[in-house]
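K.L.:
Spelled out from the first residue to the last, the chains are:
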Amino acid sequence: MKRIKILKPVLVSNQQRARENRTFFDRMGSLVINIIASPGAGKTSFITNLVKRMKNIHRILVVEGDIKGQIDSEIISKLGIDVIQINTATECHLDAFMTAQILPKIRKRYDLILVENVGNLVCPAEFEIGEDYKLAILSTPEGHDKPLKYPLLFHLSRVVVINKCDLLPYVDFSIDSAKKNIRKENPKALIFEVSAKTGEGFGEVIAQVEKEINAGKKKSQH
Amino acid sequence: MHEFSVTKSLVDLCNEEAGRNNIEDVKKIHLKVGKFTGFSPDSIRFYFEHLKVNTRCRHASIVFEEIAIRIKCSNCCKDHTIEDPVLLCPACGSDRIELMSGREFYVASIEGE
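Protein chains in written order, with numbering that gives the first Met the number 0: chain A, 0 to 221; chain B, 0 to 112.
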């Protein structure tokens, strides 16, 4: 019997593939945001708001990850921008290999690629896909305790968007408590309050995304 | 649910490493799992029993070793081991925290012949 030291991460192949995807996206000059939230938190409505306000200035691609169907892709394609659907079949998250399958379909340069992950607060957090960063959406009806119940996602997300703020008068949700809970997992998180229904709060989100797109362009010119 | 693909990666990695090290029959896999990961040992064991069939790991069992969440506070310069992943210093309450351990998920070693 022999014992061999391995010391390798279990997800080493996913991490490697994610790095290759990232290299591809960087070469194309695309900012890639991995959008993660529970089902019904408003991922598609959030993306719709960004696209409507940014599509005349920037080239945008949306990647839709769903277990089944094309409902969200059909919604997004009506906005007149490119959409690629990934159906994960049995998997509850996107991983780097599924993402790699769409790379041959990307034939144009996009400034911004918005990836809508499968609706789930747990699994998508563990799998890098080659994104610049993760953006978590927390909607007010879900409750302000969710960052403490699903700490990993909030720990790993550079941006946290609190959505459905128009429902605040009707739900037991405290913005202050939510922010405190997010900061307990991630003191550096950038937190935005929006309503994808009314469009409130999107100006600040877009200003942030614009800043990142421009910073990326500057970087790729050097 | 994501443990299925995670366990598939685990079996693939151990199978490949066993082959590279001329181990035909893996008996034990020593797996380190940080407490700030979302992986359930029970689910991994469940999927492992199915996925190990017809691989070099077919007779193997997994030995889990949990790694605690450790944080270092830049304010009071102390290290703390914490139970829940709340990144605030338990001594001074500061959020100037560096996560030292807890996110690990790797194969430490394999045993076999």
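Derived by calculation from the structure, the hints in this document are not laboratory data.
Beta carbons: idealized from backbone N, C-alpha and C, even for Gly.
Hints may be right or wrong, so weigh each one.
[Claimed, not checked] Output of the computed footprint for chain B on chain A, the stretches with three or more beta carbons under 8 Å from beta carbons of chain B:
#1 53-62
#2 75-81
#3 116-126
#4 146-155
#5 184-197
K.L.:
Does the structure break any of the earlier hints, and which numbers would those be?
P.N.:
1, 2
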